[in-house]
Structure formats: C-alpha cells, structure tokens
Amino acid sequence: MRHAPPAILTHNVSVAFDGKPAVSGISASFPDCAINAIVGPSGCGKSSFLSALNRLNESVPGCKVDGNIELFGAALGRFAPNREELRRTVAMIFQRPVPFPLSIRRNMEIPITEHYGRNRQETAGRCEAALKSVGLWGEVENRLDMPATQLSGGQQQRLCLARALALEPRILLLDEPTSALDPMAAGLIEELLRELKSQMSLVLVTHNLAQARRLADTVTFFWMKDGHGYVAESGPADTLFNTPREDVSRAYFAGHIG
Amino acid sequence: MRHAPPAILTHNVSVAFDGKPAVSGISASFPDCAINAIVGPSGCGKSSFLSALNRLNESVPGCKVDGNIELFGAALGRFAPNREELRRTVAMIFQRPVPFPLSIRRNMEIPITEHYGRNRQETAGRCEAALKSVGLWGEVENRLDMPATQLSGGQQQRLCLARALALEPRILLLDEPTSALDPMAAGLIEELLRELKSQMSLVLVTHNLAQARRLADTVTFFWMKDGHGYVAESGPADTLFNTPREDVSRAYFAGHIG
Amino acid sequence: MSRRAADRLFRFSLRSATLAAALALVFVTFFVGYEALPALQAAGAGAFLTDPSWHPASGTFGLMPMVLGSLAVSLLALVLAAPLGLGAALFENFYAPPVLRGLFQRAVELLAGIPSVVYGLWGLVVLVPLIAKHLAAPGTSILAAGLVLAIMILPTMALFSSAALGAIPAEQYRAASALGLSKWTALRTVLLPAAGRGIMTGLFLSFARALGETMAVLMVAGNVPQLPSSLLDPVRTLTANIALEMAYATGAHRHALFFSGFLVMAVTLLLVTLAGRSEKKEARP
Amino acid sequence: EDIEKARLSLTGSSTIAPLALEIAKRYEAQNEGLRIDVETGGSSRGMADARRGLADIGMVSRRLKAEESDLTAHLLARDGVGIIVHSSNPIEAITGAEVTSIYKRETRNWQALGGPDADIILVHKAEGRSTLEVFLDHFKLDNPSITPDVIVGDNEQGIKTVAANPAGIGYVSIGTAEVAIENGAAIKLIKLDGIEASTATVADGSFPMARELNLVTYGEIPENAASFIAFAQSADVNDLIKGQSFVPPRR
Amino acid sequence: MTGVETQNRLAALAIWSAGLLILGAFTLIVGDIFWRGFSGFELGFLTEDPADAGRAGGIRSVLAATALILLVCLAVTLPIGLLTGIFLADYTAGGGRFAPLVRRSLDTLAGVPSIVFGLFGNAVFAHLLGLRISILTGGLTLAIMVLPFFIRSAEESLRSLPVSFSQAAEALGLSRLTFYGKIALPAALPGLMAGLVLGLGRALAETAALIFTSGYVTRLPESLLDSGRTLSIHILDLALNVPGGAENAYRTALVLIVLLFAINGALMALTRLSPSYREYR
Ligand SMILES: Nc1ncnc2c1ncn2[C@@H]1O[C@H](COP(=O)(O)OP(=O)(O)OP(=O)(O)O)[C@@H](O)[C@H]1O
Ligand SMILES: Nc1ncnc2c1ncn2[C@@H]1O[C@H](COP(=O)(O)OP(=O)(O)OP(=O)(O)O)[C@@H](O)[C@H]1O
Ligand SMILES: [Mg+2]
Ligand SMILES: [Mg+2]
Ligand SMILES: O=P([O-])([O-])[O-]
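Protein chains in written order, with this note's numbering: chain P, 88 to 345; chain F, 88 to 345; chain U, 637 to 921; chain Z, -3 to 247; chain W, 2 to 282.
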C-alpha cells in the first residue's frame, strides 16, 4: 500500500543572500488538506524559506536557494512546466495586503486572463466564484469598479486571497496574513483559512502564537543559531504546544524567550 | 496623611489626527518606580497616547491633544518651564533605535552639552556613566569615534537609552523598544529596564504579551471601538493577567482575539 | 504572438533600448574627443594654457583667458548662491510657517524652471544698465554674469539641499526633539551633518551647471577674451566662446573649439562624478 | 529629392542678410514652391557653410582674398564701414589717426576729442566678421593688440550696444546704420577724415572704407542657386538694394 | 541656556532673511517679465509671423517650430526612455553589472553642458548625416540631451511603486509585460508624466544646443528639414541682435514662461488627481 506523498517535502533546504545564509538545513514535510504553521522569532528566515517554495526569491538579486523541494511527490522542476505555472499552483499571500492600484474588477481579471485567456464570460464567472468564496461578493458586487485601495485592510486581504484562489492553486503560502489587520478582520481571515484547508495545503507563517494554537494542524518551529535560522522542532500542533521535546521550544512556547 | 502623587496621571486624554480621534477618554495613573505596560492590538493608539506625555506629537501637523496630564502632581505646563526641559525629564525611546548618523561620542555629547553647557570634563563624565549604566562602556570604550550606525541593533538601542539617561530623566517612555531586536539583544534591554525602575517611572508600550508578563508592575490594556482606542481595563499586572474583569481582556490575554 | 514570445520580445527591447541610451554617451564623448584630438596633437596641451591670447585669425589659440573667465564667473555665482540656497532649504523645511512653505516651495521650483535665456534677457535689460549706471559702463562684466548665474543656480542649490534634508528620516528630528534639543541645535549638530553629502552634491552640480551655462552668460559677460583684473571687466567663458565661433570655425580653429568643449565636459563630468560619489557614500550607513 | 530641390539656404554676413531676405522674398513670389532660408553668423560662416555644403550660397561682406579662390564670388552690392557714436555725443567727425589712437587705447577720454568728460567705451567686432577685417585693414591695426570693452557679433548688436552707451564708439555697415537711424536708433554715423559716411559717398567712391557685398558659392552651382544669383545680380533688385541703403553695382 | 537661545535667534534671523531674499528675487524677476511682457500684449502676437527681424509681428512661426522640435524630441525620447527606465528599475530584468554602468553613463550624460550637445549635433546630424541645420537635427540633438533626465525620472517613478506590487504580480504568475502594461505603468503614470514635463521644460528652455542645429530662421517651417527657431532662440536673438527688440523679447519670454508654468500646473493637477485617475482606469 502506498501513502499519498505530502503536499510539500523539503530536504536540507537553505536560502542565502549574497552568500550569507538566512536559513539552512531545513527539512520539513507539510501534508495536504492541513494548515501547517511556521513560527519563530523575527529574522529567523521564515519568509525566506516560504518564498523558496514557489521560487519567488529567484528574482531577488544575490539570493540563492539550495536543497531539494518536492511538491506532491514531484521535484519542483517537474511539477510545473514553468515559473508562471508554478506560481499559479503555489499561491502566496503577504503580510500587507497588496491590491494593485486599479479597480477591484481589474485586480481579479488581470491574473485570470493571464492564465486562462481572454474569455469574458469565463473570466466573470471565475471572478464571482472567487469573491464569493472569500465572502467579499456581497460587499463589492455593486462597486466592482471602485479602486481596490479604497477597501478596508481586511477586505483588501480577502481580495488578495480571492485573486489567488481564482487561479485554483493547490498550495497556499501565507506570510503573516493577518498581522497588519485589526482583530475583527483577522478573525474573518482565520475562518476562511479553516474552510480552505479542505481543498488545499496551507503553509502559514505567523508571529502570533495564539493564532498558531487556534489554527495549526502541524507546527514547524524555527529558531536561530550562528546568525541563521534552522528548524528547532516540528510535528503535530498538539505535541509541540503541549509536550515540546526541546528546551528552546519549551521556553519559547512558555513565553520566556523571543 | 498625603500619598505621593503618581508619576503620571492622565484624565480624559484624547489624541486626534486631522480631527479624527486615534484614542480618546484615556484616564490612567502610572506610579513612580515601576514598569507600567501598555498593551493592545495594532493601531489602537498606544504610540499616539505615549507621545502625548512629553508633547512630542505637538509638532506633527494636524495632531491635537485634549485632556489633562499631570506629572508628579503638577500640570504639564507647570512641571517643566519649556518643551526642551520637559523632554529632558520625560525621555522617550522608539521602536527602531535612532542613533544620529555621527560618532558614538557625538551622539552622547550633543544632548549633554545642550542641557548642561559646554564643560568637557563634566560631559565626559556623564557620557561614561550613562554608557556604563547600559552596559555599553566596555564594548565601545576604545572606539567612541566610530559611527554609531555601525553598532548592532541591540547596541544602538542601548546607546539611545544611554543618551537619554545621561540627561537624568524622571520618566522613561518606551515604544516597543525591543521589537526590532533579536531575542538576545531584547533580553539585555529587558534586564536594563528592570534595573532602571528603582530610579524612575517607566511606561512600556509592547506588542509582546510575554514581555509584559515578564516585566510589568501595572498593565493598561487598550482596545478599539468605533475606530478609536480606549482603555478597556487597567490595574496591577497580576490582577489583569490572572483575573481580568472584562470579557474582551479575558479573550485577549487568553489569545482568542488580537 | 504567444504570451511568452511577447514577453521575451519585451525583455529584449528593454535591453536594446538601454544599450542604445548608454551608447549615446559613449558616442558623444568619443566624438567630441575625436574632434578635439588634432588640436592637442598640433599644439600640445601646454600651448592652450601658455598661449596668452585667443585670436584664431592670427592662429593663436590660448584658452587661458576663457578658462579664467569661466572660473571667475562660476565661482562668483557659487559663492553667492551656496549659502542662500542652503538657507532657502532650511527655511522651507524648518522655519517657514505652513502657509508660506507651500508658496516658497512653488517659488523655488518656478525659479528653477525659468529658462536661462530669460535670466539673460533680464540681466541684459535690467542688470547691465544698472551696473553701467552705478559702477562702470558698459556693465557687461564678470559681475553681471556672476549675478545672473547665481540667480540661475540658486534653485538648484536650494532643491538639492532641501532634498538632502528631506531624505533624512523624520525619526532623526523626532529623536532629537525627544532629547530636548532646540531647533537650531538639532539642525546644526544632527541634520546638517547628516545631509552634508547631499548638500555637497548640490554644490557640485550647481557649479557644474554654472560652468556649462552658455547663452545667459554670453548675453551679459561682454565676451572679450582677455585676462580679467577686476569684477567689472568683461570676460569670455569657454562655452560662450564656442557659441560665438563654432559657426564658422574650420581646421585648427574648429579643433581648438572642440577641445574647449571637451575641457568643459571633462570638468563637469569630474564634478558630476564627485557629486555622485558623495551621494553614494551617503546611502551606505 | 523634391524637397531638396525646392529649398535654398543662404548663411553668413549679417550685413547682407537683411538685403538677401528681401531679394529672396521677391524671388519666391515669382517662383512658387521654392523656399529660401537666410541666416546670419558672419561672413566666415558663409564661406565655411558653402564649403561644407551646409548652405547653398554664402554671404560675404568683403572682397574674397587670394587664398579664398576656391569660392566663386558673385557681386551683389557695395557698402561701407562707418564709425558710429551715440546720438547724444557732440562729436561729428573723426580722423583716421584718432580712430587708431582710440582703438589702441592711447586716447581714453572723449575730452581729448573735444567731447564730454567720459571714458570711451570701445565696441569691437568678433573675429570671423568681414566688417572687422575691413576695419582692421583700413586702419592697419593688429587685432590682438586691441582690448575692447565689448565684443559684438552682428551689425545690429553693435548698433544696439553703442545706442545703450552714451560714451560708446563702434563701426558698422553704413547701410545697416542708415536703416537703423531711420528707425530711431540712438546712434549717428560720423565723418571719417572729413568725408561723410553715407550711401552717397560710397556710391561716388569717395568714402575711404568701402567694400563689396558678395554671394559666394563652392564648386558646381546647382540650377536653382544659379538662377537665384542671376536674379540677385539683375537690375530687378536695384530698388531693394537702395531700400537697404546699399549701392547697386555698376552693371 | 541663554547661549543656546541666542544662537537659535541668530540662526532664525539668518534663515528668514535668506528665505525672504529669495522670495523677493522671485517677485522681482517674474514681476519684471510679467509687467513688461504684458504691456502692449495682444493676441495677434500669437497668430502673426514675426516681421522686421522680430521687432514687429508675432511669434506664430516660432511657436510652430518650437512645437515641431519638441515633437521630434519626444518621439525619440519617449520609447527609448520608457524602456530604459523599466530596465533600470526592474530587479528581475537581469541588469546585473550592466545597469549600474548604464546609470553611471546616464548621470554623466546629464552633466554634459548643452553647448557640447550643440557641437555634437552640428557635426554629426547636420554635417555627417546630411540633415543640415533643421528641425530634425535640433530635435534629435535635444532628444539625446533630454534622454538621461527622462530615463532617470522614469526609473525613479517606477521605483517609487512598492516592491510588493512586483512581488505580488510575480506570485500570481504574471509576465513582466503584463505587469508593466497593465499595472506598473498605469500606477506610475503621474511620475512618468512628471519626468516628461521635466524633459519638455528642459527642451523648451534650451538655446545653446540649438543655435547650430535647428538654426534661427523665423519663417513658418514647412517640413522637418526646414530650419526653425524656438522661443528661447527668438528671445536671445531679439535681445542681443535687434535694436528695439527688447519689447518683443519680453513678450516672447512671457509666452515661454506662461507655457512652462502651465505645463507645471497641469502636471501638479495630474499628480493631485492621480489616485483616482490611476485607479479608475
Ligand atoms: N532581500 C534580502 N537581501 C538580503 N538579506 C535579506 C533579504 N531578505 C531577507 N534577508 C535576510 O534574511 C534573514 C531572514 O529574513 P526573513 O525575512 O526571512 O526573516 P523572517 O523570519 O521572515 O522575519 P520576520 O518575522 O521579521 O518577517 C534576515 O537576516 C534578513 O536580513
Ligand atoms: N501622523 C499621523 N497622521 C495621521 N494619523 C496618524 C498619525 N499617526 C498615527 N495615526 C493614526 O492614529 C491611529 C493610532 O496609531 P498609533 O500609531 O498610535 O497606534 P499603535 O497602537 O501605536 O499601533 P502599533 O501597535 O501598530 O504601533 C492609527 O489609526 C493611525 O492611522
Ligand atoms: Mg517575514
Ligand atoms: Mg505604535
Ligand atoms: O557680419 P559681417 O557682415 O560683419 O561678416
């Protein structure tokens, strides 16, 4: 009997900027249909590691990624024919919502037509479905031509989610997606993530331990040594929060350090 | 029998930008010789309130402060003859360390000579004492003419502390003083704050609940309503953390929200 | 065309356009240098400096009068404009009341936008007669040219100083205020040193602009190629010399003019490089 | 191709330019589709442009020298170079010796010539100008030895400068000066060695500092340039020449 | 303490004087031009050709030549400048070591005095390429002169967009062409326009580079190969070479300045409108 491969499997991954490693030796496995939290203090390379998963830091000058990354059992290169396709499949959401300074409609349309061609009806359909899935449709249905930047922070972040979901990704990378939002808006997003995990694998970088406790199925804890990040401990959320094995994890989760 | 007045007593203070209140109705009392933590979610006006205490947001265009502030029982206007004197007495440390882009020596000297006049020996003495009190003297003694910007983040923040302490303030305002630092450097600063509280009143804004638990004697918890911040609950740290009265405080300290 | 092919073509045209733009400089420098070279070969660099006079018709090509003329006029302009420009920047950023600040900023920007030939016109019609009447006729002189240039480069100096001050993070001034420093102490000890390199950049570029200006100077300097001995003497600058004589110059004369063009270019490029240097060092910490 | 044919350009002497402009206007009116552009810059520019092919025809306000025989001169009119002073200056006549002494800076004040007590302001022409060459030739002056107060280019600039300086002295085309004086410029032409500086004295050959006004061409002359030159040399333009206060050549 | 106070007072005095002096100079010069330029100004000045060497008549042909020269200049500067600006601003374009080199040479080009461009244009475009003294020659010369300014401001305005736009576009798998065509250029439009206006202003103000390239014939140009004088050269010629030309020189200066101010004003309005202008595209 064969197990289904994990959504993401990394082996000995390191990310360096100008030859200086930010993280190194990261071996991790993130199952499908789960929320996988990455926690750890500031600067320990969580974001750097996350962007390695969809090759987003490839275009950062001086950035070098080493090691093996497999998505659904296939090496990154074989999994998607090119970068654009990879990024459609492995979507990413940032700390600050990044709506383009265009109308809500254009924000949705541009990526859709880029990947699925110019077909007005299909585009409109995908747009509506995605906005509905993030619960934004009702709020903006009648003002799709309003500048997206006029939405509130939480709405903007939901728009960014919708924009990515419209492309039907299989993996969703989230880099502190709620830390710039007010508590109510953050609550809405958390709910959404819980719903989304039935359809895809989510990797959630968060500063907020409480949030990780509320959402995570697995937890990967990054810590720093010799100026770069490494995985201090990882496993199911319950185990990590309640019975951490390492001293540093114990101190961190208890709030003594970090 | 008369009680010593608290170091800071505010009554119904509000801060508005361009007519839009950021916080309002803040009545708080911070005792002397204590670390008084202010916690709360992002954007609820902690920084705005803090800078009202030494009139630093006076120079921000469009900013208006209302309400009463008393320092050691005296109204702000009577407590210090002018702004410069007020700020010497009520020092402030920011989230990012702000060393002037000059040598370490100049960083220390400029404020000292401004307030105590040009006396080489006295200046050098104050400078040394202050650097010693933050534990930086040993590290920089031999390179005082090095640009301060070449210090590490933690050293920079300690330099900023020393620069302020050299002026013998009676109140120290700290706006997330460790959030831009790595955990080790943050630990050093925390230790320092603990030492300082024997000499002055500290007001510490922090995002980091664990830090507040570690350091605070009193806690003031800001929350948001109708787009502006207010004090949801305040009191001794033990009470607030262990037996909060308000629902919102309970949820926040338990990590359910925010 | 497929999306990927279009994208590839786009990236290609980015590179080609950039290459073309970069080659423009190489070409301009090369060409002017190439045309100047025969002059050097014929006379040697020394002759241009030692030959006391510029009389192409008699075959003497001494650049010294023009070199001194250019220097005198530009330095006078700089001495006048630098402190005023810096003062303007401080005024705008720290002293002007809010009502005046916008107005002032606008005024400086507009002054910067006024074409040099208009300053020249003003100099010729208003300034030169004033000098002729009160100091010495005919008024066309180093003084007139220096004043016109000073007004011309003043906005440059002001804008650069202002930008340099503006580039300092607001936190710096905030931190200085939080330490109870008075305004002038904060400016003198913290902000001005921090903006120093940016201000130097403005100084270099203003000087370069003054050296390179042609027509406004030509209109009010008198254009006599001689070694000046007082501020009220007429002079001819290197650039004015080119403008006056390029139209008919041939042979050695033409090469000599190209050489003086090359000289001005070399000096301005040196200044621009110095300016760039000081900017870069600024960016480092 | 077509455009090339339909365009003629003349550059050079500022003395000739106003006349050439008038002639061109009349010629254009007679030859539809032809455009003639005229620009100044000095006689030397005219010669240089003609040689380099930047202009079809050059304008030169003096006789060609022996070493300029690569160019062909086409005589257009005659003119003189007259000494001018400010119209408020009481001086009415000057001698060659006085001019020499003024330009050598031996005489520095108008008082020496019976004028007001004012330092003489020397207005001098830039090199490359025929007017300068004719002047230097006539007075046997060596240009490098002259240190003027102002150097001017076009005749008009010289007139303007003298008009702006009551103590100024300069020398310009007589034709241009006469037209300017008619238009109210604050200058006057003064007698040189007792001879009136005017179109009349140029015409009768008595004015000493007279000169030719030439159009010049280099190499083979294109069809349309040749016919324009022929027109400019015909009696049809005599009225225009006189209108600019020049003297038509003996045809 | 009093020492500090005295210093503060003196500094304030000096700085206020500098400020007021500059405001005074501005009022004096601009006032002079407006005052003299407006006296006797008639609309006919704009619709008639110059006559009597510019003393009489208007500036119609001069305006036309100016417009044509600017058009030639823009036609070259805009595409090359925009593409180069994108190349320099885009960290994914692979500029590597090349980009700083280009930037360096552009900065240098920006510092070259304009008379040198005049020399260059005269020798290369007019003479070598046989374009003679013409509007085309002048426009091309100006284009090389203005190019570095436009490129740098295009680069700056693209750089001023948050990097997160570019990142987000990459994260959505958008091609660079799509990103620039649909997102970055529209968003940076005000900045790009500002650069354009800056370049136009420089070109409008230029004289030295044009006297040997576009010439100073006053007639209405009929083709790009005709010589034609710009407003600035008209001012120069009237002021320098035409007795009694000062009045029309002032009028022309007035027109030129009003034109520049208007362009500036339009630019500012554009910048102020920009958020909605950008976002409602
Ligand atoms: N573009 C870059 N160039 C150079 N160094 C970088 C770059 N991006 C990140 N780094 C460095 O890599 C290290 C890890 O940064 P990273 O942003 O991945 O940390 P993080 O864990 O996400 O921190 P945070 O919680 O503050 O977001 C840091 O030391 C940072 O300075
Ligand atoms: N200079 C300013 N101009 C206008 N609005 C401002 C200004 N500074 C702060 N605000 C507004 O005031 C509100 C409170 O801001 P403040 O920085 O005081 O919050 P905070 O609690 O310190 O947040 P954080 O935890 O993110 O630092 C915010 O809505 C902010 O937008
Ligand atoms: Mg991060
Ligand atoms: Mg804050
Ligand atoms: O302009 P000129 O007639 O003196 O050559």
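Be aware that one or more of the hints could be misleading.
A few chain Z residues that face chain W, going by a derived Cβ cut-off under 10 Å, partial list only [said to hold, decoys possible]: (1) Leu17; (2) Asp33; (3) Glu35; (4) Asp45; (5) Leu60; (6) Val148; (7) Gly149; (8) Asn151; (9) Ile155; (10) Lys156; (11) Ile186.
With a straight-line Cα cutoff of 30 Å, these simulated BS3-like cross-link-like pairs (lysine-lysine) come out [stated by the list, open to error]: (12) U/Lys769 with Z/Lys184; (13) Z/Lys187 with Z/Lys61; (14) P/Lys219 with F/Lys312.
It is worth saying that the hints were derived from the structure and are not from the lab. Note that the Cβ used here is the ideal one computed from N, Cα and C, for glycine as well.
Against the structure, the hints come out as follows:
1. Leu17: holds (9 Å)
2. Asp33: This hint holds: Z/Asp33 lies near chain W, its Cβ roughly 4 Å from the closest one there, short of 10 Å.
3. Glu35: holds (6 Å)
4. Asp45: holds (9 Å)
5. Leu60: violated (23 Å)
6. Val148: holds (9 Å)
7. Gly149: holds (7 Å)
8. Asn151: Hint holds; Z/Asn151 Cβ to chain W Cβ min 9 Å, cut 10 Å.
9. Ile155: holds (5 Å)
10. Lys156: Constraint on Z/Lys156 satisfied, holds at 4 Å.
11. Ile186: It is violated, given that the least Cβ distance between Z/Ile186 and chain W is near 18 Å, above 10 Å.
12. U/Lys769 with Z/Lys184: Between U/Lys769 and Z/Lys184 the Cα gap is close to 22 Å, so the pair holds against 30 Å.
13. Z/Lys187 with Z/Lys61: holds (28 Å)
14. P/Lys219 with F/Lys312: With a Cα-Cα distance of about 28 Å, the restraint between P/Lys219 and F/Lys312 holds, given a limit of 30 Å.
Against the hints set out earlier in the document, violations occur for numbers 5 and 11.
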